[in-house]
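Peer 1: Here are the chains, one letter per residue:
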Amino acid sequence: MSMVKHEKTAPRDAPLSETTFIGWLQKNLFSSWINTILTIISIYIIYSVSKSLLIWGVLDAVWVAENRRECFAISKHGACWAGVLIWFDNIFYGRFPRDQIWRVNLGGLLLVLWMAPLWLPRVKDKIFIGLSTVFLYPFLAGYLFAGGDKGIFMQVMTTGAIVCLIGNTVHSILGMTSGRSLPEYLIAVLGKEKASDGNQRNTLLAILAVAYVVVYALQMGWTVMAVPWSKWGGMHLTLVISGIGITSALPGGIILALGRRSRLPVIRVLSVSFIEIFRSVPLITVLFMATTMFPLFMPEGFVLNKLVQVIIAVCLFSACYMAETVRAGLQAIPKGQYEAAHTIGLGYWGMMAFVVMPQALKHMIPNIVGSFIGLLKDTTLVSIIGLFDLLGMLRAISQDIPWRGLHHEPLIFGAALFFVICFAMSKYSRHLEVKLSAGEKH
Amino acid sequence: MTAVDGQETQGQLASAASSEVIIELNQVNKWFGSFHVLKDINLTVHKGERIVVCGPSGSGKSTLIRCINRLEEHQRGDIVVDGITLDKNLKNIDHIRSEVGMVFQSFNLFPHLSILENLTLGPIWVRKIPKAEARDIAMSYLERVKIPEQAEKFPGQLSGGQQQRVAIARSLCMNPKIMLFDEPTSALDPEMIKEVLDVMVELAATGMTMIVVTHEMGFAKTIADRVIFMDEGDIVEQNEPNEFFNNPQSDRTKQFLSQILTH
Numbered sequence: 001m002s003m004v005k006h007e008k009t010a011p012r013d014a015p016l017s018e019t020t021f022i023g024w025l026q027k028n029l030f031s032s033w034i035n036t037i038l039t040i041i042s043i044y045i046i047y048s049v050s051k052s053l054l055i056w057g058v059l060d061a062v063w064v065a066e067n068r069r070e071c072f073a074i075s076k077h078g079a080c081w082a083g084v085l086i087w088f089d090n091i092f093y094g095r096f097p098r099d100q101i102w103r104v105n106l107g108g109l110l111l112v113l114w115m116a117p118l119w120l121p122r123v124k125d126k127i128f129i130g131l132s133t134v135f136l137y138p139f140l141a142g143y144l145f146a147g148g149d150k151g152i153f154m155q156v157m158t159t160g161a162i163v164c165l166i167g168n169t170v171h172s173i174l175g176m177t178s179g180r181s182l183p184e185y186l187i188a189v190l191g192k193e194k195a196s197d198g199n200q201r202n203t204l205l206a207i208l209a210v211a212y213v214v215v216y217a218l219q220m221g222w223t224v225m226a227v228p229w230s231k232w233g234g235m236h237l238t239l240v241i242s243g244i245g246i247t248s249a250l251p252g253g254i255i256l257a258l259g260r261r262s263r264l265p266v267i268r269v270l271s272v273s274f275i276e277i278f279r280s281v282p283l284i285t286v287l288f289m290a291t292t293m294f295p296l297f298m299p300e301g302f303v304l305n306k307l308v309q310v311i312i313a314v315c316l317f318s319a320c321y322m323a324e325t326v327r328a329g330l331q332a333i334p335k336g337q338y339e340a341a342h343t344i345g346l347g348y349w350g351m352m353a354f355v356v357m358p359q360a361l362k363h364m365i366p367n368i369v370g371s372f373i374g375l376l377k378d379t380t381l382v383s384i385i386g387l388f389d390l391l392g393m394l395r396a397i398s399q400d401i402p403w404r405g406l407h408h409e410p411l412i413f414g415a416a417l418f419f420v421i422c423f424a425m426s427k428y429s430r431h432l433e434v435k436l437s438a439g440e441k442h
Numbered sequence: 443m444t445a446v447d448g449q450e451t452q453g454q455l456a457s458a459a460s461s462e463v464i465i466e467l468n469q470v471n472k473w474f475g476s477f478h479v480l481k482d483i484n485l486t487v488h489k490g491e492r493i494v495v496c497g498p499s500g501s502g503k504s505t506l507i508r509c510i511n512r513l514e515e516h517q518r519g520d521i522v523v524d525g526i527t528l529d530k531n532l533k534n535i536d537h538i539r540s541e542v543g544m545v546f547q548s549f550n551l552f553p554h555l556s557i558l559e560n561l562t563l564g565p566i567w568v569r570k571i572p573k574a575e576a577r578d579i580a581m582s583y584l585e586r587v588k589i590p591e592q593a594e595k596f597p598g599q600l601s602g603g604q605q606q607r608v609a610i611a612r613s614l615c616m617n618p619k620i621m622l623f624d625e626p627t628s629a630l631d632p633e634m635i636k637e638v639l640d641v642m643v644e645l646a647a648t649g650m651t652m653i654v655v656t657h658e659m660g661f662a663k664t665i666a667d668r669v670i671f672m673d674e675g676d677i678v679e680q681n682e683p684n685e686f687f688n689n690p691q692s693d694r695t696k697q698f699l700s701q702i703l704t705h
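Line order of the protein sequences matches chains U and B. Heads up, the first sequence stops at 442 in this note's numbering, and the numbers go up one at a time, no gaps. Heads up, the second sequence stops at 705 in this note's numbering, and the numbers go up one at a time, no gaps.
No lab work stands behind these hints: they were computed from the structure. Hints should not be assumed to be uniformly reliable.
Claimed, not checked - Label-pair distances were calculated between CB atoms; the ranges are: (1) B:K530 - U:V156: 40 to 46 Å; (2) B:M581 - U:Y428: 35 to 41 Å; (3) B:M581 - U:A188: 25 to 31 Å; (4) U:E7 - B:M581: 46 to 52 Å; (5) U:V156 - B:M581: 41 to 47 Å.
Stated by the list, open to error - List of simulated lysine to aspartate or glutamate pairs, EDC-like, C-alpha gap at most 16 Å: (6) U:K335 - B:E514; (7) B:K573 - U:D197; (8) B:K696 - B:E685; (9) B:K573 - U:D125.
Glycine included, each C-beta is placed from N, C-alpha and C at the ideal position.
Whole structure, please, built from the sequences with the hints as guidance.
Peer 2: Structure (structure tokens):
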């Protein structure tokens, strides 16, 4: 049965079905008569749906009109986008005073500026930039949005935020141009490369202190007029609530998940009951509880505004869901990883921070982003308890006298907005997954 | 079992054992639930001594060395490592763990970190060594295990033998006083066993205190000062390797040796 093949077999061209578009069509859509029929039926359905959508939404649609009656007069069966367009500012900014809208825009712009370095390739110390976004940006944005008198606390925090923003930006520019970090640059400029570590650290701290004092002095004169929270609304409010919910969900969830796996019975029981209670109650109930019941438990005269109550409720709720997601991730980490971390002498927190959490969170990215998307959509429930978030604003259009009864167009517009945001998040998470798992295929 | 047969002819490494006691187990007992894994274990290890522990599976040999760095908690008896008694005191345990290196059967490298980061994690965060210095130390150990060119890769890109050598280097980076090996070659393909054992033989020649759980009898003959045979939670027999292999005393040892040496 022995055989020997002396010549190499030369490669030949692949069959047409593998390389050409026609081949692909034949293989995937028309491979048998039943597939051919299904393909034709599907094409017909897609054609008729998109045709009527196109006629209603674009070809017969009205873009400019004073009120809904006018819309009807121009086109009886087309969409009336005029109402959405006239309410455009309201949909995005709610009832924020029109001459103050720049503050909302500036807040968004600062966030972009703050976070952009996270995506730039040559910037170092991204963890610090990320942390400062979570812990300092909210104060600056909070003051921009709310305005009014700055208490001493807000003065301190906004100053910190401004110093940090300037530092981040300079640091990123330096990183992009020269590959050096800000501290390295400062040390080099002052000619202290040879100095001891302690000396260098003290110099940097001194520079930081001077910058802080200067900014503090400058910002004392800077005030913007107060905008009460009841004027906040629309997309802005949706993003504020879900943004705070999302940023607090992960740290809260990690703490609760670790608590649930703790060896200390008190912490474990507390975490478990907290998670299970919040998870077994619908968000809308939690929201009602927060706005109606919560004040009853507070001391007399202690008034929290409704927005703060809602945000606290959303944070707790999302943290509990996140806790279960994180716990699932922790359970996927093999016991050997914990043991290996122990054997190189890492304690509990070192082990969690450097070995276990990075792996668990990476496994969990799809679920985490899934929770974030869910949270973003869930915040529309606040419109039920009387906050005019994006959904509240869209529904308000149909209550407006010129546009009475205009339901479909605003809601379709809202759906498109949510789709864009959620789809972008989902795509980004996919990208993150691929990027983080690069180089460690098993 | 044949991977290091060639080394038998090279003869034994000279003993580096001193009279200083570094590990002492006194009447140690351990149960998993109601199952009695370790029974009245007494063991004294001297500094620089190289001990090979063998025995059938389930005999408690892995549990024994896992008790020494407290990956498992014993219930009765005393374990003293480097002058410190292992008890509930977490500070002591963390200290001991940073003095005792351990190599696992399944390598347990950190898959999300590069080889270099695997090696520098402990020195930087536990020993508080500056990054650049930790890097130099790591590279010198990678050279010792003969894979400096893999420093920037991730564990998943390395072969089993290379991963195990990285794991050994990772432990050595902490500059431990004692190294524990828990069946370091059992998960490896035959052609990779030798490269790992070679590294271990070199390590033995530097005078490191080593306790090795293994079935590689050729390796045991080369490096061990003492071979310990365990069965069902007892230390049945211990002796210097020549005596142990050529002249076993107990019936259990004889049976075990006949099973692993003739197949």
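Peer 1: Would you pick out the hints that fail for this structure and give their numbers low to high?
Peer 2: none
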